[in-house]
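Asker: Each chain, written out:
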Amino acid sequence: MVVFEKPKSLTDKEFHYCPGCPHGIIHRLVAEAIDTLGIEGIAIGVAPVGCAVMAYDYFKCDMVEAAHGRAPAMATGIKRSLPENIVFTYQGDGDLASIGMAETVHAATRNENITVIFVNNAIYGMTGGQMAPTSLPGQVTQTSPYGRDVKTAGYPIKVAELLSSLDGPAYIARVAVNNVKHVLEAKKAIQKAFENQIQGKGFSLVEVVSACPTNWGMTPQKALEWVEEKMIPYYPLGVYKDKKAEKEAE
Amino acid sequence: MPKVTFREDLCKGCGLCVSACPRKILEIAKDQINRKGHNPARITDQGKCIGCAFCATMCPDCVITVEK
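Residue numbers (numbering that gives the first Met the number 0), protein chains in the order written: chain B, 0 to 249; chain W, 0 to 67.
Just so you know, the hints here were simulated from the structure itself, not pulled from any lab data. Check before you lean on any hint, since a few could be wrong.
[Said to hold, decoys possible] Heads up, simulated DSS-like pairs for lysine-lysine below, C-alpha to C-alpha not over 30 Å straight-line:
(1) B:K5 - W:K47
(2) B:K180 - B:K150
(3) W:K29 - B:K157
(4) W:K47 - B:K200
(5) W:K29 - B:K200
(6) B:K221 - W:K29
(7) W:K2 - B:K5
(8) W:K2 - B:K187
(9) W:K2 - B:K59
(10) B:K59 - W:K67
(11) B:K243 - W:K67
(12) W:K35 - B:K221
Take these sequences, add in the hints, and give me the full structure.
Answerer: Next up, the structure:
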């Protein structure tokens, strides 16, 4: 009996990501959720600009490519015109938290019935490791060679906390993929984000704390340790907003 | 009997499976180079495998299939 194999919703195309890049794990989790919920025929994905720009080659469902940061706006249009389809975006931190911040916040506050997978690796990966809005204070990047100075560059944006302060969104969670336990938790959260959309609950965003071994200048193992030691203390994991759970508690 | 198979041509030799394995029976094959030019991961002792699929869970490139 097969206990683990490549999900059916991924194409046979090989990932172009660097060795040890957690994008591959997160792609797989999204595909597993699509498989489990049996929505491969009706899922529509919106690919971002960034390392995951080629995501449209990897998922076996309809995919479109959005302008930089505009995936939630595009997903809004698709979902409103095709309400029977399941629409998700897959975005990085440079895409969602920087240039696409306005689209993200407004899609969340309108409680658009879409699923957003947000990959936070605290750096601009594709362009060569520049400082991102989510880079940690003191983090050395190509554009902050002495470490991020919060006096001039400000503090990192905590997307899950920021969006959970809005009344609109239905589900906001932060997960990580740095070890087996966290990957399994991430799988559940991503699946819930898709279920919410099927049940018509509204905007669901899962922030996945990820790594960038290449631009952090670490081995894949060291990068995942760095996630545990530095990223997770700054970006605590957990469910930040869950409208149904809140209602039940009342 | 648990069995893991590696599609070794897809492996990028990142070693995340090696560090995830609780039985420590995976290794990076330093004496082997695959189509991509990486040293692929391989299993050293199939008999000790417990089929937990931790290796496959951490693999970013869907290289590993686990059967029980």
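Asker: Next step is simple, just say for each hint if it's right about the structure.
Answerer: Against the structure, the hints:
1. B:K5 - W:K47: 23 Å, holds
2. B:K180 - B:K150: Roughly 36 Å separates the two Cα atoms, so the pair is violated.
3. W:K29 - B:K157: Measuring from Cα to Cα gives roughly 41 Å; hence the hint is violated.
4. W:K47 - B:K200: 46 Å, violated
5. W:K29 - B:K200: It is violated: about 51 Å lies between the C-alpha atoms, which goes past 30 Å.
6. B:K221 - W:K29: This hinted pair holds, its Cα atoms lying about 20 Å apart.
7. W:K2 - B:K5: Given pair K2 of chain W, K5 of chain B holds - Cα atoms ~15 Å apart, limit 30 Å.
8. W:K2 - B:K187: Roughly 26 Å between the alpha carbons, so the hint for K2 of chain W and K187 of chain B holds.
9. W:K2 - B:K59: 28 Å, holds
10. B:K59 - W:K67: 27 Å, holds
11. B:K243 - W:K67: 38 Å, violated
12. W:K35 - B:K221: 23 Å, holds
Violated hints for the displayed structure, listed by number in ascending order: 2, 3, 4, 5, 11.
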